[in-house]
Structures are given as structure tokens and as C-alpha cells.
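One point on numbering: in our numbering, the residue at position 403 of the sequence shown is 403, and numbering is uninterrupted.
It is worth saying that the hints were derived from the structure and are not from the lab. Note that the Cβ used here is the ideal one computed from N, Cα and C, for glycine as well. Incorrect hints may have been included.
[As the list claims (entries may be wrong)] Straight-line C-alpha distance at most 25 Å; calculated DSS-like pairs for lysine-lysine:
#  : residue 1 : residue 2
1  : Lys432    : Lys702
2  : Lys284    : Lys702
3  : Lys376    : Lys652
4  : Lys348    : Lys376
5  : Lys127    : Lys348
6  : Lys703    : Lys348
7  : Lys348    : Lys284
8  : Lys284    : Lys703
9  : Lys432    : Lys703
10 : Lys127    : Lys138
11 : Lys703    : Lys376
12 : Lys702    : Lys376
[Said to hold, decoys possible] Estimated spans, in silico, between C-beta atoms of each pair:
#  : residue 1 : residue 2 : range
13 : Asp407    : Glu497    : 39 to 49 Å
14 : Leu263    : Glu605    : 40 to 50 Å
15 : Arg616    : Leu263    : 26 to 36 Å
16 : Gln257    : Ser134    : 39 to 49 Å
17 : Ser286    : Glu89     : 35 to 45 Å
18 : Gly115    : Pro42     : 19 to 29 Å
19 : Leu263    : Asp227    : 16 to 26 Å
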Amino acid sequence: MTLYYDLETRSRCDLLRAGSYRYAESPSTEILLIAWAIDDGPVTVTDLTAEPVPPALWQALNEDTCVVHNAAFERPVVRHCLGADVSPERYHDTAAQARTLALPHSLDALGRVVGLDNDQAKDKDGKRLIRAFSLPQKNGRFIEPSDRPEDWQRFIEYARQDVEAMREIYRRLPTWVYRGDERRVWELDQHINDRGFLVDTELARRAIELTDAEQHNLAERVRELTDGEVGSATQRDQLLRYLRDTHGVELPDMREQTLLSALRGDSLHELPNGARELIRCRLKASKTSTAKYQAVVEGACHDDRLRGGLFYYGAHTGRWSGRQLQPQNLPRPSIGDDEIHAAVDGIKAGAADLLYDEPMQVASDCIRSVITAPDKLVVSDLSNIEGRALAWQAGEEWKLDAFRAFDRGEGPDLYNVTAASILGCQPDNIDKHTRTALGKVPELALGFAGGAGAFQSMAAIYGTRMADYWPTLQMTLPASAIERAEQAWETRGKLSEVEHDEWVASEAVKVAWRDRHPETVAYWYEVENAAKSAVQRPGSDFTARRILFRRIGHWLVARLPSRRLLVYPWPRIVQATRGTVYGSDKCAKCKGEGCKRCGGIGYTETREDLQVRRFRGSNGYWETTYSGRLVENLTQAIARDVLASGLAQAEKQGFRPVLTVHDEIICERGTEPELSAILSTPPNWCPDMPLASAGYEATRFKKD
Numbered sequence: 001m002t003l004y005y006d007l008e009t010r011s012r013c014d015l016l017r018a019g020s021y022r023y024a025e026s027p028s029t030e031i032l033l034i035a036w037a038i039d040d041g042p043v044t045v046t047d048l049t050a051e052p053v054p055p056a057l058w059q060a061l062n063e064d065t066c067v068v069h070n071a072a073f074e075r076p077v078v079r080h081c082l083g084a085d086v087s088p089e090r091y092h093d094t095a096a097q098a099r100t101l102a103l104p105h106s107l108d109a110l111g112r113v114v115g116l117d118n119d120q121a122k123d124k125d126g127k128r129l130i131r132a133f134s135l136p137q138k139n140g141r142f143i144e145p146s147d148r149p150e151d152w153q154r155f156i157e158y159a160r161q162d163v164e165a166m167r168e169i170y171r172r173l174p175t176w177v178y179r180g181d182e183r184r185v186w187e188l189d190q191h192i193n194d195r196g197f198l199v200d201t202e203l204a205r206r207a208i209e210l211t212d213a214e215q216h217n218l219a220e221r222v223r224e225l226t227d228g229e230v231g232s233a234t235q236r237d238q239l240l241r242y243l244r245d246t247h248g249v250e251l252p253d254m255r256e257q258t259l260l261s262a263l264r265g266d267s268l269h270e271l272p273n274g275a276r277e278l279i280r281c282r283l284k285a286s287k288t289s290t291a292k293y294q295a296v297v298e299g300a301c302h303d304d305r306l307r308g309g310l311f312y313y314g315a316h317t318g319r320w321s322g323r324q325l326q327p328q329n330l331p332r333p334s335i336g337d338d339e340i341h342a343a344v345d346g347i348k349a350g351a352a353d354l355l356y357d358e359p360m361q362v363a364s365d366c367i368r369s370v371i372t373a374p375d376k377l378v379v380s381d382l383s384n385i386e387g388r389a390l391a392w393q394a395g396e397e398w399k400l401d402a403f404r405a406f407d408r409g410e411g412p413d414l415y416n417v418t419a420a421s422i423l424g425c426q427p428d429n430i431d432k433h434t435r436t437a438l439g440k441v442p443e444l445a446l447g448f449a450g451g452a453g454a455f456q457s458m459a460a461i462y463g464t465r466m467a468d469y470w471p472t473l474q475m476t477l478p479a480s481a482i483e484r485a486e487q488a489w490e491t492r493g494k495l496s497e498v499e500h501d502e503w504v505a506s507e508a509v510k511v512a513w514r515d516r517h518p519e520t521v522a523y524w525y526e527v528e529n530a531a532k533s534a535v536q537r538p539g540s541d542f543t544a545r546r547i548l549f550r551r552i553g554h555w556l557v558a559r560l561p562s563r564r565l566l567v568y569p570w571p572r573i574v575q576a577t578r579g580t581v582y583g584s585d586k587c588a589k590c591k592g593e594g595c596k597r598c599g600g601i602g603y604t605e606t607r608e609d610l611q612v613r614r615f616r617g618s619n620g621y622w623e624t625t626y627s628g629r630l631v632e633n634l635t636q637a638i639a640r641d642v643l644a645s646g647l648a649q650a651e652k653q654g655f656r657p658v659l660t661v662h663d664e665i666i667c668e669r670g671t672e673p674e675l676s677a678i679l680s681t682p683p684n685w686c687p688d689m690p691l692a693s694a695g696y697e698a699t700r701f702k703k704d
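Using the sequences plus the hints, can you model the full thing?
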């Protein structure tokens, strides 16, 4: 039989801050209501404030398939509050199922999307009732059912409607993705979240003390610099206004890249010293380490393990995202491992402010070290998996051969190969800085139809200035690449905020990269054409090399080589007008026939755009997609399937995985060579994809 159930709870523990596992084990957490139904039977709401768990419900919890919405909450609470330790294998999570279909995972939004009637959709009064009965009031006490009997009956009805909506959603949602091997990936995700990873709560607490003291010092300095007009560096709008009105420094926002660009002198005017120091204070105060350390302290369970840190299918492609600490979003350290070890000791001793001039930076550098292990961490990272997956999909054989030669120890690193091809020299002659600027940046920026703008964004991340390479590039790149780059400058580059040499150098490298990757470029457009054709001819199959597209009703699906489906809801083809704006001789900057300021379109064209429905929270919106974005989705999805296969093998062979971060797997058992060997072994659906992995063994997590 199938048991559908939903819980309404109360606790003094903050669920959003602590996470579901810490919330579940809190002594103050208790279940108020269980709304449940078996198969097609009526929904019963059991009031646990007045009666025990009925025998029929208890038997179903221990024997039947349990359908819930958000098992990451329901399972820990049932385990701790009722003692029913139901394994993931007996659960079906409609929220996880919705994410595999690119649908919103909140119950009320999902109900609207699948077309439930108003009486089945989530009760809008529910949030008020939850605030009333599930959260402590300002005086510290809970509102009891006897205090508000009419509201309590509404709360019972609210719980009933949740189960009715969930059961109908379960019936309506297709199980194209959340089944078979992918279903087992979700089960493994649940086991890993149950296991959690060990965290150094002492380090987290002392780091919070350090950063709180430094935030106070920074606020004092900002008040001093602004004569009290700005209270702290975190007051975004006030600081922007002060910089503009007092120093004449107009900044569009307070993003890190904007501030770093201003400090480098890339803005229109040289920064006054006062403005420079204010910007530095803002950068220091904006470090995310304080919030992350706080998440560790608030989310760690009684055994100092942080559970629930992985979020299954957090991205449309199936990649994991993070919760609480959000390990997928940890800052890159600015110091080496030995220095980090010393800094950790300094923070825990309460002496970091004496030892270091930049305490906020030190705290940020040490945030990875908060993840530790009882004995050791065994970590392995797939090497350039997206680059390999893209070349494998597209059939870029020379590149696949280069990866294989490097893996055998017989050839140079791929980034060196790319940089050498641009400079017309041997890969062995490429230094570290050039490897990044002309090897890594192009490979990361251009694989998904990126242009000069994408190149510039990636170059900024790595601190690369392409104008420095322009004189060399004019001598080493083919004349045709230089000529096309200059032509593109006349039609597009002049409209950017980037200087000539910087933009044209980026464009020229882009042109040369595309010339060297003919199969990849062709693949971009094959994928887009196949997707559009599938949308226009429902039920027919269209292939782009290893990918098959088909439209099924309101869905466009792409079958991956692993046979998992990548789903795009509500696809449509729309007519869109494109235009290129030429410069104007009336504008000193643009010098041409017309510009953004003066008007005038060089040419226009009408084309067919592919749009799909996306959801941000409960709000849906149309997103235009194109060749590069589609291929990026496919590549990330294939890379994720490779990682998931390795994760399953690591679990099967007893490595005890506790986390995955991007393309890394973190375990608590085994050895690094053994784990790397698992990840380097291609799954059976891609036996010819060259894979490589390497890592380390250490007592703390680090950036390898």
C-alpha cells in the first residue's frame, strides 16, 4: 500500500537557520498534527496533542511506501519524534520529483503549475496558522489549541488539504526522471545527508568572535571616514551615496568585481584616498565567512556533524547545490595549506588578530578547514570534466586524443596546448600566467558559444588583462582571425565599455579558438536545430550526435547518453527581432552611423527563438535559450552523471562518502589512489570518454 502523509510541528529551534536535522533532534520539537491517507482512502488528520499515533498509521509507517513532499524534513522528524526510522528506499519525494522536471518544489506553487483546483491548492491562510501554532510567540510561549479552537480547526483543515494536494500531484507528475538509476541517486543522496560530515565547531565559534570584532572595527573606521554619515561598511545604499556625493565616485553597485575594478584604476577617474579606503572596508566587511561559520554553529547536530548539506537536483541539469554551509560556494583561499594550518591554530587560540593584518581575509581563507573528519578525509576531483564531456559529445577527436595523451603521462596539459596553439609555440614553453590567460580562460569561457563578453567576464575572475597580449597576438594568430576581430570591433566592440586592445584581443582569441574546434562549433547549431525541430514536430525524434530530443505534450526532453532525461517544460518557438547598432560620428566614443545614445540600427533580422518556462520560487517566466546554453546544460548534465556514477561506486565499495562539491567526492574511508581510480573509470554508457581524477588525504577539507 501507499501512505501519504504530512507533518505540522512546533519547536523553539529555528528551522531555516538550523536545518531539518538539527531541528528534528531539538528537545523542543514536537509533532502537532499528522495528516495521512492510505492509497485512495480519505485523509485523516491525527491530532497528537490529544491522541496517540493510530495503529494503522504506525503499521503503514513501518511497512508501506511513504509519499511525502520534502523527505529531507519529514524523515528526520519522524525518526526523532516518533522513533520510526524509515529508510529512503521506502520513500517517494514529490518535491524531488518536481525538481527533476524543472518545476517549482514548493507545494503551493507546484499545485498551481499542475492545475489543481482552488480547494486543493495550498491554503493561503496556512502561513498565518503556522506562525500561530508552530513558532513561539514574543513572550516565549506557544499558542495551544485550546487558546484558539477555531484557528486550530482551520489548521487541521490546512493539513488535510496539503495531503490531498500532494496525492493529486503524485498522480499527475510523470516519473520520467525520478526512477531507476536516478531514483537510486536520490536514495544515496538521502543516506549521505543522514550521515553528514564532521565540522570543527570550536573553530567556527572562535572565527565568529574574530569576525564580529573586526566588523566592529570596520564600522568604527567607516564612521570616522564619513563623519558619521555612514554607520557601517555593510550599509550599501548609504555608502554608494556618500562615495558619489562626497568623492564624486559613481559606482553602479557594490559587487566585488565592481569594487576591485575601481581599486585597479579601471574606472573613469582616479580614486581619492578616502574613497579607496572606504571601498577596501566594504570588501573586507562583505566576506561571507561570518555567515558560513554561523551556519556551522547553528546547524551542527549533537555529535558535531552537519547533516542535510546536500540539496538533490539543486540545478536544472541535476547537479547538487548546498544548504546551510553551502559547501559548493566556499571562497577560494588566498594563502597556502601550511599558512592555513597556522591560521586555524591562531583563530582557535584567539590570537589571529595579533598575528594577521587582515583578520577577515584569514577567516575567509580558513572556512574550508571547518570541514574535518574523525580520522581523515579522502578527496578526489574529476579533472576538467566539463571540457572532456564537451569534446566527447561533439566528437572533437584531436582534443580527446590530447586528454588521453596527458592522462598517460605522454602529453602536455590541455590548457598548455590551447595557449601554445594561440602563441604558435611549444606547450612546454608556456609559463603559469600565460597558461591561465590564453589556456584556461579560453577553455572555460568559449566552449558554450561565448563571445568577447563571456571571455572578458572569465578573464576578470582570473585577473587577466588581454590588452597586454595584443601585440603578441597580432604576430602569432592567423591574419584572418585578426581581421575578423577588427571587423567585429567596428560593429559590436565599440558599443562596449571595454578599450580597443582589450576587446579585440579577446575577440581574436575567440575566433582562433572556434577555428580550432570545428566539430564543437557545428555541434552547437546541431543541438539548437534538433531542439527547435522537436518543439515544432511533437512526438518525432531529432538527434544531435549523442543526444535525442523529443516533445511530449508540454515537455521538451533531451535524452542524455546515460539515458537520463533532461526536461524543459512548456517549450515554444517565438519570432524575435535582432539588430546590430553602429556607432555615430556625433558621439566621441562610438564614431559611426548611430549608437545607443544617438540612435540608428545597422541592420535587423527576424529569427525563431526557442523559449522554455523557468521558475524562480513560485513565479514562472519565459527564458530564451540558444545553442550555447543548450550545450552547456547537456555538458553539465553529462558531467553530473559521471560524478553520480562515481559516487555510487564509492558508496558500494565502502568509502563512506559524506559530501560532493562541484566535481569532487569527499569520503571518510579508503585511500586517495583507490578513490581516484573509481572516478577515472568511465561508466558503461561512455566507455570511450577520457576521465582523470586526483586528490588528497588530509584531516581538513582544502582547495587542492
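Checking each numbered hint in turn, tell me which of them this model violates, lowest number first. Per hint list: single violation, 5.
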